[in-house]
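Trainee: Going down the list, the protein sequences come from chains A and B. Using the working numbering, you'd call the opening residue of the first sequence number 1 and step up by one each time. Using the working numbering, you'd call the opening residue of the second sequence number 1 and step up by one each time.
None of these hints come from the bench; they were simulated from the model. Some hints here could point you the wrong way.
In silico EDC-like cross-links for lysine to aspartate or glutamate, where the CA-CA straight-line distance does not exceed 16 Å [said to hold, decoys possible]:
id, chain 1, residue 1, chain 2, residue 2
1, B, Lys238, A, Glu135
2, A, Lys4, B, Glu80
3, A, Lys98, B, Asp7
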Amino acid sequence: MAEKIYDLSQLFWPGAAMWPHLVSDIQYGRDSFIGVRSTGWHGLNHPGWFDMGGQPGMSESIPMNPAIHAHGWIGHMHPGTHMDAPIYLMPEGITTDKIPLENAWGTGVIIDMRHKGKWDTITAEDFEKATPKIEAGDFVVVNTGWHEWLSEECRDSIKTYEYYNYYPGLVPSAAEWLIKKKVKAIAGT
Amino acid sequence: MAEKLYDLSTPVGFMTPDWMGHPAWGDKYLERVHRHEVPFAPGMSRRVSVYVGLWHKGTHFDSQTHHVNGGVGGGLMPLENFYGTAVIVDFRYMKKWDVVTAKDLENAKPKIEEGDIVLMNTGWHHYWRVNDYIYYNYYPGMYTEAGEWLLDKKVKMVGGTWGATDHPLAHYPLRLMYPHLYEEYKQATGKDADVEFPDYEPCHQIFSSNMIPAIENVGGDVDEVTGKRCTIAAFPFKFDTTGHALRVVAITDE
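Could you build the full structure based on these sequences and the hints that come with them?
Mentor: Here it is as structure tokens:
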């Protein structure tokens with residue numbers, strides 16, 4: 001049996017639709033905040049990292065390959081497919097790098113919640129009845145179908161409104177059920 | 001037989017040492033934009049950090065577009081390249097400025113097979129955040145011959161416990177790029193680095209042109225799996241960059 005790899009990730013990019021924070025997040029809206037900067041540019045003879053940083057006392061120009069460039073980033077790390085670490089909500093919580101690798105690898109179930117509609121809740125009962133059955137130690141991925149709103153074709157379109165405002169989502173009973181079941185991770189579309 | 005995971009990544013943070021050719025953005029930094037000290041609603045707080053800096057820090061890979069105009073960006077390269085059977089070869093016998101040769105690769109144990117992911121352990125990760133100068137200026141590294149050998153072997157991905165995929169001296173014209181290193185090499189050996197290493201980052205060019213991701217600054221628990229054949233999973237997040245951080249994980253059955 002041949003192994004097959006599927007990509008379940010959304011694109012992480014400067015135009016990624018972002019959670020509509022109502023309070024302080026407005027101050028780092030992506031227009032003014034997040035951007036890929038290139039420190040060297042294709043097509044220029046001197047990559048920017050030398051133009052901008054320079055080498056002290058450099059008098060000759062460096063015949064560099066114009067194709068070389070490197071990207072940087074100014075922005076937080078929560079766009080696209082990402083994880084939240086305990087420190088996100090808990091002052092003493094661990095940061096992402098401290099999360100055991102075992103929690104990010106292993107057997108998983110991708111459960112089908114595509115029958116859910118706008119603003120529907122996903123409850124403990126939904127998880128109890130899910131197929132395939134959720135077992136202890138599973139990595140649980142919930143497919144609501146809502147990722148369709150973020151398909152490549154509707155990048156930055158009004159559908160990001162539907163994506164963030166209408167998705168079917170977890171309620172506390174569902175979270176408690178997952179904890180009791182000792183799942184190793186939870187993810188959703 | 002239980003599966004065991006090994007972390008072969010170096011930590012990335014604001015103290016992460018950096019390649020000497022990255023002055024443009026100054027240092028990277030992490031800024032807190034939400035803090036637990038400042039609740040956003042009664043009894044509710046969160047912490048969110050903003051990252052400012054180049055992506056080529058710590059354990060990261062270079063994508064095709066790092067060196068190829070029009071090349072494929074980081075997280076858009078085929079996932080199959082980032083996962084599969086691998087060998088972690090032992091180059092810890094190598095010393096300051098040694099060059100990895102075709103013979104070294106030919107004799108490597110375990111034997112490098114076609115289609116492997118190849119990680120090379122020079123032992124240099126022990127200088128990481130211990131002596132950054134030695135780490136970035138002296139590591140044993142690859143030059144044209146090694147790059148071509150690995151390409152002929154059709155490897156899926158390469159990586160090493162070193163500051164870059166190319167030898168530190170393989171940055172022609174070194175006398176202009178890194179004058180401090182050029183002079184030091186000349187004084188130590190009497191040789192001209194620009195004559196000895198006339199190609200600029202040849203391995204970067206070879207791997208980029210052939211859609212082979214190249215991981216730099218491998219480290220972590222790499223010594224524990226060196227000399228072994230195992231599975232490597234090192235997926236990058238889905239981001240169209242010249243390269244960015246990834247978590248290199250060795251998976252063994254023990």
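Trainee: Of all the hints given earlier, name the ones this structure violates by number, lowest first.
Mentor: Violated: hint 1 alone.
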